[in-house]
Amino acid sequence: MASAQAAGPLWIIQPATGNNPTQTVAENGTATMQYLVHNQSGKPKKLVIQPMAGISQTAPCQLAPKGQAGSTCTLNLAINGQALPRNGVHSGPVVCQANSDGSPNPNQCYQPSPANSLNITRGLAAGATINSLNF
Numbered sequence: 001m002a003s004a005q006a007a008g009p010l011w012i013i014q015p016a017t018g019n020n021p022t023q024t025v026a027e028n029g030t031a032t033m034q035y036l037v038h039n040q041s042g043k044p045k046k047l048v049i050q051p052m053a054g055i056s057q058t059a060p061c062q063l064a065p066k067g068q069a070g071s072t073c074t075l076n077l078a079i080n081g082q083a084l085p086r087n088g089v090h091s092g093p094v095v096c097q098a099n100s101d102g103s104p105n106p107n108q109c110y111q112p113s114p115a116n117s118l119n120i121t122r123g124l125a126a127g128a129t130i131n132s133l134n135f
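So that you can map any letter, position 69 of the sequence shown is 69 in full-length UniProt numbering, and since no number is skipped, the others follow by simple counting.
I should point out that these hints are in silico values taken from the structure, not numbers from a laboratory. Here a beta-carbon is modelled for each residue, glycine too, at the ideal position from N, C-alpha and C. Don't take each hint at face value.
As the list claims (entries may be wrong) - Computed beta-carbon distance windows for the label pairs:
| # | residue 1 | residue 2 | range |
| --- | --- | --- | --- |
| 1 | Asn-28 | Ala-7 | 38 to 46 Å |
| 2 | Pro-114 | Gln-40 | 16 to 24 Å |
| 3 | Ala-115 | Ala-83 | 20 to 28 Å |
Please build the complete structure, drawing on both the sequences and the hints.
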């Protein structure tokens, strides 16, 4: 009987030094998050994130083949508290090879380990106060 094994990921995604994927962002605030993406393939890659409410990629992430200069890129994410879902974002980012039109190819995507995935909570607006409590 033959068995099949999945190959390892073509790229590895880890938080950049000093970046914490667990954050609370005020609904009227913004934040940033950076991941380092390491190419594990012998081919160059252009990577984009799958669309996520309240989170956008702010710069291209292009990787040279593994072992060459430029085989790591910084994935820069902007977090917009107003556009986040009420319950926040608790996974991803899902990083995919870009199609020729720049859209993500859903057949070649990876994301960080659960411990390194986004865990963004939408907080109260900065400066907001509670005037009264009704019980």
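Now the hints, each set against the structure:
1. Asn-28 with Ala-7: 38 to 46 Å: 44 Å, holds
2. Pro-114 with Gln-40: 16 to 24 Å: With Cβ atoms ~19 Å apart, the hint holds.
3. Ala-115 with Ala-83: 20 to 28 Å: Between Ala-115 and Ala-83, where Cβ atoms are some 25 Å apart, the hint holds.
Consistency with the previously given hints is maintained throughout, with no hint failing.
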